[in-house]
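Please construct the entire structure, taking both the sequences and the accompanying hints into account.
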Amino acid sequence: MQYLYLSKQDLPRLLLAINNSHLLFVPQEKGDDYVYVPFSKITPEEIIYNKYRAVEPIKSFLTHSKEIVNEYFQGADLLLEEKPVAVFGVKNCDLSSLTLQDYVFKEGVEADPIYKQRRENLLIIASDCIDFKQTCFCLAVDNKPYPEKNFDINLSPINNGFVVEVGSKKGEDLVKNLSQYFSQASSGQIAGSKMKRENIIADLSRHLATVNIPKSAILQRIVQEGYESGVWKEQMLTCVECGACNFICPSCHCFLLADEQDKRQSRRIRIWDSCLYANYAKVAGGANPLNTRSKRLRNRFVKKFDFFPENLGQFGCTGCGRCIEACPGKIDIREVLKDLAKK
Amino acid sequence: MKNPYQPIKAVIEQIDEETPTIKTFHLKPEKPVEFKTGQFVELTVPGVGEAPFTPSSDPFIKDRMEITIMNVGRVTSILHNMKSGDIVGLRGPYGKGYPVDEFSGKEIVIVGGGVGLAPLRSLLLHLFNDLAKYKTVALYYGSRSPKDVVYKKLIPQWEKKKDFDLTTTVDTGGDGWKGNVGLVTTILKDFKVDKKQAKAIVCGPPIMMKFTTFKLIDEGFQPENLYLSMEKNMSCGLGKCGHCRLGKYYVCKDGPVFTFEQIKDLHDIWD
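Residue numbers (my numbering), protein chains in the order written: chain W, 1 to 343; chain C, 1001 to 1271.
Misleading hints may appear alongside valid ones.
Claimed, not checked - The calculated lysine to any residue pairs, modelled on SDA-like cross-linking and capped at a C-alpha distance of 25 Å, are:
(1) C:Lys1248 x W:Ser294
(2) C:Lys1253 x W:Pro309
(3) C:Lys1253 x W:Ile271
(4) W:Lys263 x C:Ser1077
(5) C:Lys1248 x W:Glu228
(6) C:Lys1147 x W:Gly285
(7) C:Lys1264 x W:Leu256
(8) C:Lys1253 x W:Leu312
(9) W:Lys303 x W:Ile200
(10) C:Lys1189 x C:Lys1248
(11) W:Lys83 x W:Tyr115
(12) C:Lys1196 x C:Asp1163
(13) C:Lys1096 x W:Pro309
(14) W:Lys66 x C:Gly1049
(15) C:Lys1253 x W:Gln224
(16) W:Lys282 x C:Ile1078
(17) W:Lys149 x W:Lys66
(18) W:Lys106 x C:Lys1002
(19) C:Lys1009 x W:Ile269
(20) W:Lys303 x C:Asp1268
(21) C:Lys1031 x W:Asn291
(22) W:Lys282 x C:Lys1253
(23) C:Lys1083 x W:Gln224
(24) C:Lys1253 x W:Asn291
(25) W:Lys303 x C:Ile1012
(26) C:Lys1009 x W:Gln220
(27) C:Lys1253 x W:His207
(28) C:Lys1248 x W:Asn279
(29) C:Lys1253 x W:Leu256
(30) C:Lys1264 x W:Ala258
(31) W:Lys342 x W:His207
(32) C:Lys1248 x W:Tyr115
(33) C:Lys1002 x W:Ile271
(34) W:Lys263 x C:Ile1012
Keep in mind the hints are simulated off the structure, nothing from the lab.
Keep in mind the model is a prediction, meaning the values are calculated, not measured.
Here it is, written out as structure tokens:
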């Protein structure tokens, strides 16, 4: 791993340079949260370092909640004419979700051309978490609060600047092309960033000890063995089938293909879908294997804690805690897992 | 880059009325479509949507495709009102289909229920191309009533076929029906095959598949020799959209044909 140093004053200059070739999104504070805004909408003085993940999951830069996937019979090739996107301040819960999203959209039977193009163009300027939200639980699902993979460059803050890790060929090219902003990091700087990482792990561990989520090693088993448990029924009572948990989840990937027609042309659109919706699994003949809310809630957990570990060796949950905040019924993924472990 | 969501055009050349609710559409795709028997395609009604169907035609014929469709939903009800000359869209094929290579030299028992005979017709046509390759081939077919029998013109031809056994039944007789009356499971007996070795292929509505599976297992057929066509809400066909998950599988890419061995321990497979 190559370690570089970037000074605090050079961060705006670096981002400005990146914005020349990319549509760059940066986090802005909103209450206790961070939301992404285009870099062009802020002044360099407004650039901030987000302490933890933003509201939007990274998938929203790769698949849009509603978009056209084809206009009928208009030729088999698809090329988007979009400026490459760059995102600053991406945290590890989102980076881990990219492994899942890539597995779904880039790999398999055929690659999804829209995703693939955006993903290959996406420039990720990741950063360490230096604080956490009360809903954060990445450590409980084997994730670290700092990036380990799936980034182009990563910034670990130290006094007056950042230790920069290069994580990809794209990242290598970036630091080469903008070498004026980077110098070699000293061993003291590297040690400083490592100490900060140890501190956040210790703080988050202390917090999670009070939350008491079941150990990651048993999560798959409790979901499997809890298939017939009453937990699903108890927990779904407040589910209003809004789909917020799915849409805000960086790992959820399900989509609906639907058709639209106007006078001149028919087209197929892709919309983010939710497995909590009543007709999610319904077939034309009328059969609906997920015909109750408790079956649908269970389906969400089976997908995340059984299907993905089985097929990919990784949970379909990265511990970002967004679904906990988004749910109007206050259904808490941590509490569901705890209830399952109890039974 | 190739767009997997892009259908190609296909012209409806002919429509056969099989039953009051089932029609067979003869399609001419704008370019040949290669499929393996048991694979499915997504058929588009422009502006309305698409739905998954397994072709019922001979997989060796690539410039035409026949699909037998029951009028049950939003897309199929519009399809049933379409006419010769109308344009539809096709994409696929998807999934794994029947492992016909593994059927060579074996005794083959095929069990169909209702419109479930449609995919099996494609399998039969594949087998008919070289019947000598298989030790024996037998079809057991059940319909609700005599008027619900699909391929009414084909069945008498098949009955006359050498080296091919056909047994039919209807749940409820009438209309001058002289054959067996009773659920398809009632004709699944007195097999003249080595049940430990024979291959059994089942396709039909979920309830029929469930009881046929139990009956065949009871008779001594082996779970790894029992091939089931699973029906789920297949949409993208690529294992991406998530809707057709069955345990650790996606029906669209890992199926739609599974051995009972593969799925017998999964939850709710008949739902």
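Here is what the structure says about each hint:
no. : hint                  : verdict
1   : C:Lys1248 x W:Ser294  : holds (19 Å)
2   : C:Lys1253 x W:Pro309  : holds (18 Å)
3   : C:Lys1253 x W:Ile271  : holds (21 Å)
4   : W:Lys263 x C:Ser1077  : holds (22 Å)
5   : C:Lys1248 x W:Glu228  : holds (18 Å)
6   : C:Lys1147 x W:Gly285  : holds (20 Å)
7   : C:Lys1264 x W:Leu256  : violated (29 Å)
8   : C:Lys1253 x W:Leu312  : holds (16 Å)
9   : W:Lys303 x W:Ile200   : violated (30 Å)
10  : C:Lys1189 x C:Lys1248 : violated (34 Å)
11  : W:Lys83 x W:Tyr115    : holds (14 Å)
12  : C:Lys1196 x C:Asp1163 : holds (21 Å)
13  : C:Lys1096 x W:Pro309  : holds (23 Å)
14  : W:Lys66 x C:Gly1049   : holds (16 Å)
15  : C:Lys1253 x W:Gln224  : holds (23 Å)
16  : W:Lys282 x C:Ile1078  : holds (19 Å)
17  : W:Lys149 x W:Lys66    : violated (29 Å)
18  : W:Lys106 x C:Lys1002  : holds (13 Å)
19  : C:Lys1009 x W:Ile269  : holds (18 Å)
20  : W:Lys303 x C:Asp1268  : holds (15 Å)
21  : C:Lys1031 x W:Asn291  : violated (40 Å)
22  : W:Lys282 x C:Lys1253  : holds (18 Å)
23  : C:Lys1083 x W:Gln224  : violated (49 Å)
24  : C:Lys1253 x W:Asn291  : holds (23 Å)
25  : W:Lys303 x C:Ile1012  : violated (40 Å)
26  : C:Lys1009 x W:Gln220  : violated (45 Å)
27  : C:Lys1253 x W:His207  : violated (42 Å)
28  : C:Lys1248 x W:Asn279  : holds (21 Å)
29  : C:Lys1253 x W:Leu256  : holds (17 Å)
30  : C:Lys1264 x W:Ala258  : violated (33 Å)
31  : W:Lys342 x W:His207   : holds (21 Å)
32  : C:Lys1248 x W:Tyr115  : holds (24 Å)
33  : C:Lys1002 x W:Ile271  : holds (20 Å)
34  : W:Lys263 x C:Ile1012  : holds (22 Å)
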